[in-house]
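Trainee: So you can see what is in the structure, the chains are spelled out below.
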Amino acid sequence: MSNNYVLEMKNVTKRFPGVLALDGVQLNLRPGEVLCLLGENGAGKSTLMKILAGAQPKDEGEILLDGVPIEIESPHHAQELGISMIYQEFNLCPFLSVAENIFLGREPRRGRTPFIDWRKLYADAEAILQRIRVDLDVRRPVSELSVAQQQMVEIAKALSFNAKIIVMDEPSATLTDHELKALFELIKNLRRQELGIIYISHRLEEVFEIGSRVTVMRDGKYIDTKDVIDLTRESIIQMMVGRELKDEFPKVTFDVGKERLRVEGLTRYGAFENVSFTLNAGEILGLTGLVGAGRTEVARAIFGADVLDAGTIYLDGAAVAIDSPKEAIRQGIGLLTEDRKLQGLVLGMTVRENCTMANLSAVVRGLFIDRGREREIASQYVADLNIKTPSVEQSAQNLSGGNQQKVVLAKWLFTKSRVLIFDEPTRGIDVGAKVEIYKLMNELVRQGVAILMISSELPEILGMCDRIMVMHEGHITGTVTRAAATQEAIMHLATGAELAHA
Amino acid sequence: MRVISFLLLGCGLAWGLSGCGGSAPEGGTPEGGAGTKVIGAALLTKTHVFYQDMVEAMKAEAAKNNITIRFQFAEFDGQKQNNHIETFIQQKVDALIIAPHDSGGVAPVIAEARAAGIPVFTADIAATGADVVSHIASDNEAGGRLLGEYLAKLLGGKGKIAIIDHPIVSSVQDRTRGFEAALAAFPEMQIVQRVPGDGQLDKAFTATQRLLEAQKDITAIFGINDDSALGALAAVESAGLSDSIVIVGFDGTPEARKKIAEGSILKADTVQFPDKIGTATIQTIVRYWNGETVPPSIPVEVAVIDQESLKNEAAP
Amino acid sequence: MPERGRSFAGTRRLVLTFAPLLSALVLELIVFEVLGRRQGVPGFASVESLIAVLNQSAVLGIMAVGMTFVIITGGIDLSVGSIVALSGVLCAMIVQWGGSPAWLWLIVGMGAALLSGAAAGAVAGALVTRFAIPPFIATLALMSSLRGLANLITDGKPISDLPDSYMYLGRHHLVPGLPLSVLLILGIIVAGAIALNHTRFGRQVLAIGGNEEAARLSGVPVRRVKFFVYLICGVLSALAGVILSSRLGSGSPKVGVADELAVIAAVVVGGTSLSGGRGSIGGTLVGLLVVAVLNSGLTWIGVETFGQQVVLGLVILGAVMLDRLKGGV
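Residue numbers (the numbering used here), protein chains in the order written: chain A, 37 to 538; chain B, 174 to 489; chain C, -14 to 314.
Simulated from the structure, these hints should not be mistaken for laboratory data.
Treat the hints with caution; some may be incorrect.
Part of the chain C face toward chain B, derived, beta carbon under 8 Å [as the list claims (entries may be wrong)]:
#, residue
1, 37
2, 41
3, 148
4, 150
5, 156
6, 159
7, 235
Glycine included, every Cβ here is placed at the ideal spot set by N, Cα and C.
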């Protein structure tokens, strides 16, 4: 490993009206390394990367590429310089083929004619995919590919620009474990080819698996850069949060009360079959499994968002017919969906309006909505949940991810639900906010609310749940208690390797 | 900023259009000079040659009499015409000329004009149920009668006839009434079908095509205006029935004249004289202003043309 | 007290939002007054003339209120112009057929017309919510069928020869200079604004447009709300049709052609987003006035229909660019 950097960002400062988004930040990247860029939401990682990608101009500071000072004028210019970004949302045309996407706008032509040289296009695309040892049919339309495969296409596209630096923003968020392994394999390949990789993720375990060095930012400031071997999970968190985080999973155990929700033989063909379980007051029941195991589908069906083919739902011992989310809410069930932007919030509406959306009847007086009362309620939740927003009239889209999730939480708290289903409640949220959400779950359980928590993050499941249910391909393969649960046991059940008979 | 510049562009354009499209400054009339009388003309359309000729004659006659005349064209939209007339009423014009979009649909707004003390004249198309000083139009009934007689002579007093109709308009009703009256004298001449062509070329074309599919033994077609007749002509020719059908039209537009002169199956046309209507309208208004009594209906002469008459016209 | 401060801030925000449009409106009045004076027709920028503009835009305005709701849910209703024609001829036919007493048959005719609008709206709503047909397609089909129906029942001919009382709704002045239809459109706008901003229904409409799935998962009865939105739009269009036919003293199957475009233009100029979720009735009123004053002013200074179309297109473009500018900040 050499000490000459492929990229140096020095003293970069960026101001937005009223905010100092970046305050003299630095970042160095060596060829052939994976630099993990860490920090809580709002720490300034995205702003720094947008400057690197040419999407935003910097106010002060210097950027050196291979030791030469450069000004990055536009995203296009950044690409030409060899800086490529892989965002969470891909920039692919779904109905064009893999090869067409890789060379979009730069298709090889037959001599000077306007016609595309298809043979060369496919050959070039195949050559690039071979370089990263990815096996894909370059003629297939991108819409037929899995998310992981689309990501590979994005990476191949970046390489086609002769990228020297690839920035990956939360690349693992939507991948299954198996796909994640393939991604890591690919990253190792890229390292061997002396590319510099900046890797952004909230999952600290990934840092230890593929990171070379770690750069931490907090509140728009540069904190430190260290080699991964010199770090522990705790020390990274301390750098990110700025204080010692005593307990990542502040689990409190309460006495288990009476049965709240019981489902028997729930079936939705093609998604899950014969799902039965009981959820009691005063407990958190975990539901885990690989992506695609049918966890979210079960939650949606209980909530009336999807139709059930068979099965019965009992609430407090009585069978209920739930045919719509409206009915589920009336019966006292709430669902925090896994994708807060697409399903949880109306982004264009204010914090106030989002807070009361699932329980409007509580703020209606006569024919009209009592806005004063709405404002009081929303302000109360903003204070209780420590939601960082200038006012309850702020539009939800201007909040950071963690605060958006808290607004969704407030919405469900206001319905006074007796059963709450949390689907990936902490995905994409920083460590500090996670702990706040866990504490809130404790408080809810103390009040007698029964919680079903769906999560792919085993540490979270193991840390917070009283019992853990595991699904595999639409079936529940087993349930283990907190005391008996281990990562290995759950992985076994999740891969369907062995049916439970504990 | 872009928005403001767009607005300015729009205003500039409005300025330009009001200079070119608006007719107030034309004809050398001093604008709004004291004592200059103003006529507001709310007409059906500007897209027909007929109306263009009428408008030119009105402008010329108005200029001759030192009158300002302002035009608006509804382009077949009743709501628009209503608004045009209301604007003229607000502007307190000294007389209104209306060519209604729908004979029954202008009565209320004409009543409003009368209440404001503005005399109303209709040109070309009459208004029903309205208090109008005078209606100036071609003698459509006579035109229809002339065509009926011409056709009877041409076909030897027998035949099956279709009308490409547009019965919404009262002048068209007059034409077909005169036509029917002329045929009544010939028991072997039957009107077998009336199809709506909206007075438009493309609609008349498709209407005739459908007609010919259903009734192959038609021997003559009466198009209530030239667009109807020319649409019918195209349809008959494309159906290959040129040997068995003759067509007569109404208006005598240049295209129709050309077809008649060529010796096509479009045999004859009633010609109106839109310029004479325009001139007569302005003259009637001036007479009214001068305190003369004007008759409630002023028919303007029409004539039939055929290949023969066109040849004579060209000869000298 | 804080209540008051907030609502003041709200008012100020409202004024700021509409400031560009309001200044456009004032600019229009000035320009047309100046151009009018040069042609010897002063008086465009006067109260009477503004009332006349409102009167002339009552028909489009009533439709625009319904259309605003539809567009906020992310939908569109192209059938409004055809509903105007159908309801107008229905009302006229029934009044003509019934004879005397005219007032009774007028009520029956209006009732039938409004019912026809409700039925058309219900069909559109059902097509969109139950059969998941995109609103553009569903209402495009209705636009054609309803226009055809209006032509069919009248044989394409206008129904005139109606009693004088038929003209009451469209032409009656409560106080001299203040037409009934102006009061009606103002009332509907106020009611629409209150419904959108202060009722549960309005909140649900906005939520559906902002994020339909999130709204559904929050217990909003999405289908029912959307259905009602089309129903309301249908009824309001029918009311507009009755008023128009009353103004013309005739029920014609040919009226309202391309009205849907004029209405959508007014709504969009007023700042309602075609992608849904964002919009206001107040904006629609201002948008309507900008378009109506423009049309009326161009007529005033003698610009003919074709020229008006060109200018109107430019103004729509300008307004939408303004919208983009706001969205970009």
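Trainee: Next, verify each hint and record whether it holds.
Mentor: Each hint, compared with the structure:
1. 37: Holds, because the Cβ-Cβ distance from residue 37 of chain C to chain B comes to roughly 6 Å (cut-off 8 Å).
2. 41: Holds, about 5 Å.
3. 148: 11 Å, violated
4. 150: Interface hint status for residue 150 of chain C: violated (12 Å vs cutoff 8 Å).
5. 156: 6 Å, holds
6. 159: 16 Å, violated
7. 235: 4 Å, holds
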